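Trainee: Below, each chain spelled out in residue letters.
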Amino acid sequence: AQSVTQPDIHITVSEGASLELRCNYSYGATPYLFWYVQSPGQGLQLLLKYFSGDTLVQGIKGFEAEFKRSQSSFNLRKPSVHWSDAAEYFCAVGAPNTGTASKLTFGTGTRLQVTL
Amino acid sequence: DVKVTQSSRYLVKRTGEKVFLECVQDMDHENMFWYRQDPGLGLRLIYFSYDVKMKEKGDIPEGYSVSREKKERFSLILESASTNQTSMYLCASLGFNSYEQYFGPGTRLTVT
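Top to bottom, those sequences are chains A and B. Letter by letter, the first sequence follows residues 1 to 116 of the working numbering. Letter by letter, the second sequence follows residues 1 to 112 of the working numbering.
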């Protein structure tokens, strides 16, 4: 079974600073990887996803993530954070081609606070 | 745009009551999911459905049941609500051969 670890529960950055949110996964092969964002009082919105190919993926709102197989990581980055990025971020993993590929396992989330 | 709606944003129920949470999607998606979200625990899968009248247990099905009589609607049922079921409940849908789940806004349920 797959699992996801987000080691940072809460991160605070200044507006305009760079951001990196960490995600480590456990899975026997290359999984499908996702980052979702949840603004206060809202459901989850997909930021980006990785299935295969180029290990650096671009998403919406200026976010990107890099898949590193050797480190079992899929960290989310943004070069310059905006106050509107304050939200909770979830990393998720799916298992391809197992018949349960549509099921995702989510990490516990990282809450991002942005100071002005 | 895919739209997933949930019947209530906030709900307060008493212990022992039967509770229905409704979810509707408008994209003809085959798969639908119910999660609960708790601080520090992330999202945990309660049940999912891959077709009408078909359902599978997720990671934490105890105390819950589901119903899917129509493709667009997936209901979560708490047969006898308990205080430990106070949580945020999120519904999601997913098309065939897709991996992007679309989420509803959530229902914050309080059981007193």
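Keep in mind that the hints were calculated from the coordinates and are not lab data. This structure is a prediction, so every number in the text was calculated from the model and none was measured. A hint or two may mislead.
List of simulated lysine-lysine pairs, DSS-like, C-alpha gap at most 25 Å [claimed, not checked]:
id: 1; chain 1: B; residue 1: 18; chain 2: B; residue 2: 70
id: 2; chain 1: B; residue 1: 71; chain 2: B; residue 2: 18
id: 3; chain 1: B; residue 1: 18; chain 2: A; residue 2: 49
id: 4; chain 1: A; residue 1: 61; chain 2: B; residue 2: 71
id: 5; chain 1: B; residue 1: 53; chain 2: B; residue 2: 3
Trainee: Please work out if residue 61 of chain A and residue 71 of chain B have their alpha carbons no farther apart than 25 Å.
Mentor: 32 Å, violated
Trainee: Quickly compare the C-alpha distance for residue 18 of chain B and residue 70 of chain B to 25 Å and report which way the hint goes.
Mentor: Judged against 25 Å, a Cα distance of about 21 Å means the pair holds.
Trainee: Decide if the proposed pair is consistent with the structure: residue 71 of chain B and residue 18 of chain B, CA atoms, cutoff 25 Å inclusive.
Mentor: 23 Å, holds
Trainee: Starting from residue 18 of chain B, check that the Cα of residue 49 of chain A is at most 25 Å away, please.
Mentor: Measuring from Cα to Cα gives roughly 38 Å; hence the hint is violated.
Trainee: Would the pair residue 53 of chain B and residue 3 of chain B pass a check requiring their Cα atoms to be no farther apart than 25 Å?
Mentor: 21 Å, holds
Violation of the numbered hints given earlier is confined to hints 3 and 4; the remaining hints are satisfied by the structure.
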